[in-house]
Amino acid sequence: MSTKQIDLSELRLFDHHCHSVTAADLDRRELELLITEASAIPPGVDRFHTQVGMSVRRWCAPVLGLEPFASADTYVARRQELGGREASRRLLAASGIAALGLETGIEPEDAFSPDDMATSCEADWLEIIRLERETERLAQRFVADGGGRDGAAFLAALDEHLRSRLAGAIGVKSIAAYRIGLDFNASRPSSAEAVTALERWLGTIQGDALPRLTDVTIIRMLLWWAIDHQTAIQLHIGYGDDDVDLHRCNPLLLSTLLRETASSGARFMLLHCYPFHREAGYLADVFPHVYCDVGLAINYTGARSSAIIAESLELTPFSKVLFSTDAFGAAELYLLGTTLFQRGLARTLQDFHEHEDWPLDDCHRIAEDIAWNNAIRAYQLTDGRGPTPR
Amino acid sequence: MSTKQIDLSELRLFDHHCHSVTAADLDRRELELLITEASAIPPGVDRFHTQVGMSVRRWCAPVLGLEPFASADTYVARRQELGGREASRRLLAASGIAALGLETGIEPEDAFSPDDMATSCEADWLEIIRLERETERLAQRFVADGGGRDGAAFLAALDEHLRSRLAGAIGVKSIAAYRIGLDFNASRPSSAEAVTALERWLGTIQGDALPRLTDVTIIRMLLWWAIDHQTAIQLHIGYGDDDVDLHRCNPLLLSTLLRETASSGARFMLLHCYPFHREAGYLADVFPHVYCDVGLAINYTGARSSAIIAESLELTPFSKVLFSTDAFGAAELYLLGTTLFQRGLARTLQDFHEHEDWPLDDCHRIAEDIAWNNAIRAYQLTDGRGPTPR
Amino acid sequence: MSTKQIDLSELRLFDHHCHSVTAADLDRRELELLITEASAIPPGVDRFHTQVGMSVRRWCAPVLGLEPFASADTYVARRQELGGREASRRLLAASGIAALGLETGIEPEDAFSPDDMATSCEADWLEIIRLERETERLAQRFVADGGGRDGAAFLAALDEHLRSRLAGAIGVKSIAAYRIGLDFNASRPSSAEAVTALERWLGTIQGDALPRLTDVTIIRMLLWWAIDHQTAIQLHIGYGDDDVDLHRCNPLLLSTLLRETASSGARFMLLHCYPFHREAGYLADVFPHVYCDVGLAINYTGARSSAIIAESLELTPFSKVLFSTDAFGAAELYLLGTTLFQRGLARTLQDFHEHEDWPLDDCHRIAEDIAWNNAIRAYQLTDGRGPTPR
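Protein chains in written order, with my numbering: chain A, 1 to 390; chain B, 1 to 390; chain C, 1 to 390.
Don't take each hint at face value.
[Claimed, not checked] Within a straight-line C-alpha distance of at most 27 Å, the following computed DSSO-like cross-link-like pairs (lysine-lysine) qualify:
#1 B:4 / A:4
#2 C:4 / A:4
#3 C:4 / B:4
No wet-lab data here; the hints were simulated from the structure.
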């Protein structure tokens with residue numbers, strides 16, 4: 001039996017869902033709050049005493065010139081010595097990402113611009129627009145400009161706005177999981193229902209604060225807008241922060257919507273999916289327009305991420321698996337997202353090679369498809385639009 | 001520590017739930033459609049670029065005289081050269097199955113007859129009847145013969161028909177999971193409710209097409225008919241094709257029904273179960289009349305099937321685990337179902353042997369129980385009825 | 001790469017949730033009924049032919065002076081020869097537990113007293129009171145003493161009783177999962193609602209039998225009583241015996257309750273959790289006051305327990321993982337709970353050490369936190385109250 005080692009550390013990566021990082025000079029508490037999905041850290045809890053914390057010490061410390069497993073305090077001191085911008089730049093450069101699908105609906109304080117992100121990574125960047133945030137920003141301006149609660153006028157303005165934004169983007173993202181749960185009625189709202197819901201929502205907006213969109217009819221309308229525009233639709237699935245009701249984020253709850261849109265031309269990208277990644281794999285297997293990844297779960301589960309990657313490669317066709325980091329805020333999450341993905345996928349394929357004799361050529365083809373080719377095809381970037389292969 | 005290798009390739013197998021295969025000369029697309037649970041294959045998606053595809057190239061190619069991992073095109077060309085019937089016959093013969101529990105409610109085009117299946121495998125065959133399909137066929141004839149919508153008359157005819165069919169079978173199968181979901185009311189419908197539901201359904205039947213039974217009362221009535229007849233009841237659980245709502249196929253939804261029938265004399269065989277195989281194992285642990293397998297999931301998850309087999313051996317008592325392929329259409333699924341089962345179970349038991357010192361005798365007893373003895377006992381074939389041990 | 005073996009067999013253990021064992025001279029059937037969560041064992045089913053049975057033969061037999069993997073009959077004969085009390089004493093002594101969190105709401109026949117348990121283990125013991133059982137016992141006395149169905153009087157008596165009991169305990173336990181499912185309304189019942197519910201329940205109590213509390217309002221009231229008293233609240237989650245509806249024991253169903261109590265001062269200990277341990281880990285990650293363990297699942301899944309321990313160390317911060325056996329009745333479950341925990345955690349950390357280079361010091365810190373330090377902090381025993389470190 002062959003014992004060749006599979007090494008994917010040079011794999012070209014298309015991170016199809018990620019966010020900007022902060023350039024701020026983070027102290028230990030600030031960094032800890034960026035490497036957790038919790039919104040608070042209780043007394044006595046050390047956020048470095050986790051899988052992600054161990055991974056930062058293992059993989060990020062050397063990039064900043066320290067020994068592997070330098071202590072958390074040493075790491076933070078070195079990060080501050082370099083400055084937040086320079087430390088982040090080094091981590092991004094070491095991540096080896098060649099194309100960024102930046103979701104621009106949310107960003108940390110003192111954020112890298114998309115161009116700064118791309119320059120730091122030596123990558124191309126492409127935009128993903130967040131439907132709920134685009135709608136909230138437009139509603140804020142609409143009311144501020146005296147549009148009042150004219151639902152029909154807002155609906156027309158929204159359509160024009162989203163068309164314009166989508167023209168420069170490769171797809172949309174929805175956080176329906178957070179806002180309404182995935183157990184919503186899959187049917188398309190009528191125009192009258194949409195206008196009524198918009199009027200109700202616009203009527204609640206006052207002052208300068210960004211309004212928060214939680215109306216189920218409006219969010220369903222946005223999803224159907226995206227379906228009608230035959231675009232790529234990223235959906236938050238599964239694991240997230242503490243304002244998600246995780247049992248309402250099971251992707252199986254989308255079964256009816258997916259069944260009805262199989263021939264629509266739209267594609268659905270199920271993001272993260274943990275701990276429902278097997279369920280997501282089933283959906284990607286039986287529905288032609290469904291893709292999935294285990295981003296976020298990889299950087300946060302550290303030494304266990306290879307097991308999760310392996311589980312995500314059961315039913316999912318190898319042409320339907322995508323790669324993402326879902327990194328946000330801390331540049332460390334980019335480095336971990338790529339390093340742990342490359343290592344975990346290599347360990348998984350090594351197991352297939354050693355126990356089931358899979359040829360190395362097939363293993364590398366699978367890795368390259370997941371890391372790059374599937375995204376190019378799923379986002380329909382094969383016509384020269386999109387990132388340049390290096 | 002002993003390092004003896006466990007080899008289960010000669011294990012005698014009772015495949016308690018499987019279907020007929022096609023003798024057709026399949027081209028690549030036709031074969032691809034038989035090695036997926038999806039009802040369509042989107043452009044750009046190669047169904048060989050999956051776990052099941054890799055497994056066909058690894059394990060089936062040599063049976064047809066090719067090198068392991070011959071390309072998909074080479075494989076299909078060789079299959080056509082041999083002819084569909086001969087290729088299928090070779091794959092069945094190599095599967096090593098000694099007893100087939102054939103579910104006869106559905107079959108592919110140009111299907112092998114049960115006797116052909118048995119001859120090809122050098123196996124005995126036993127029948128499992130599908131409740132919904134038996135009912136649909138009888139209803140079609142009943143209406144064609146002028147029975148109209150006489151529910152009471154149909155109920156009597158159905159009882160007689162099912163008794164007659166069951167007399168020659170070892171059990172029944174229900175696809176309640178597909179038709180009504182498993183979240184149905186567990187209670188027994190009254191005769192009056194059953195008759196009313198039958199009249200409503202019969203009234204919808206017209207023309208020659210086979211009617212489709214989706215009425216929850218009628219399907220509940222069929223399940224209780226089977227319970228009253230103290231037979232073995234196979235239930236589709238979990239993973240299946242794209243018309244299943246997988247979140248309504250969690251076997252835990254059957255808890256009330258199982259609790260109420262624990263002393264009925266009926267036995268429940270939970271089929272497939274992925275990704276709810278741990279939940280199924282819990283049910284098999286606490287309810288005396290519940291058995292389970294991870295068929296279908298084994299042939300479709302290829303190099304990952306050993307991990308799923310291992311997970312299915314946590315709570316499930318070793319006397320309650322069954323073996324099936326759930327193969328349908330492509331004879332390849334038989335060979336994969338048996339080969340991957342034997343290898344995955346061996347790998348799992350090897351781990352128990354190496355890390356927890358399990359004696360080899362115990363490991364082999366467990367394997368033989370799962371592969372053969374448990375089915376003999378669960379289907380009550382110990383009185384000489386059923387397959388002859390070889 | 002280092003290949004040092006991690007050995008945790010000397011790890012100091014705080015078993016934060018466990019029960020008393022029986023001193024009875026068990027015959028084979030009686031022992032089998034204590035090493036299963038099923039309430040009956042069907043004909044032909046050998047409860048030693050399971051993960052837990054194999055583990056008893058592997059690990060308990062040598063403690064009673066037999067060869068590893070002695071047969072079940074040999075084991076039971078030796079156990080009877082020693083006598084139930086002496087055999088149990090030896091198993092408890094070998095378990096190596098240094099502190100017992102004894103839940104006193106349920107105990108087996110001929111039970112060891114808490115002091116006997118502690119003496120046998122050479123451990124300290126601390127009490128956990130079961131809310132439902134305390135309430136049932138008090139209601140029985142209240143009615144017997146002529147209190148009738150005076151809800152307000154009972155409420156006052158209950159408050160006084162629970163305060164008194166909690167003063168001598170380190171926390172409470174609730175079996176809401178069994179009695180009402182975890183999909184209950186998270187809001188606090190009003191006093192009027194509580195009194196009405198108590199009156200209804202008290203009115204059903206007659207005779208000498210212990211009443212059974214299944215009223216959702218009363219159980220919600222008890223949980224909020226515990227929250228108000230800022231104590232540690234152990235909750236049964238997931239896997240249990242056959243009167244649990246497992247799909248209603250998913251800890252995610254508690255999301256709203258946990259969100260609303262994050263700053264209450266109460267702490268929630270999610271017990272067992274299998275097969276929802278990943279979901280529990282998510283809750284422990286995002287909510288500051290949530291802890292979890294995989295007790296019960298460890299002793300019952302034997303050679304597979306290391307895999308479950310590994311899965312429980314994905315999202316859960318290492319400062320939020322607890323250790324328990326949930327042993328009840330059979331002293332074997334103590335020995336298995338500790339031995340398999342120590343071995344499975346060592347195997348998991350060994351994997352992290354070998355594949356991700358985790359320093360041995362970090363591995364040992366994680367082990368000591370899970371085994372001891374986290375319980376000391378979570379139960380607020382750092383002020384000298386509680387067990388003495390040896």
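- prompt: Keeping to a limit of 27 Å between CA atoms, is the pair of residue 4 of chain C and residue 4 of chain A held or broken?
  reply: 24 Å, holds
message: Checking one constraint from the list: CA of residue 4 of chain B to CA of residue 4 of chain A, max 27 Å. Satisfied?
response: 24 Å, holds
message: Holds or violated: residue 4 of chain C and residue 4 of chain B, Cα atoms, limit 27 Å.
response: Measuring from Cα to Cα gives roughly 24 Å; hence the hint holds.
The structure meets every hint from the earlier list without exception.
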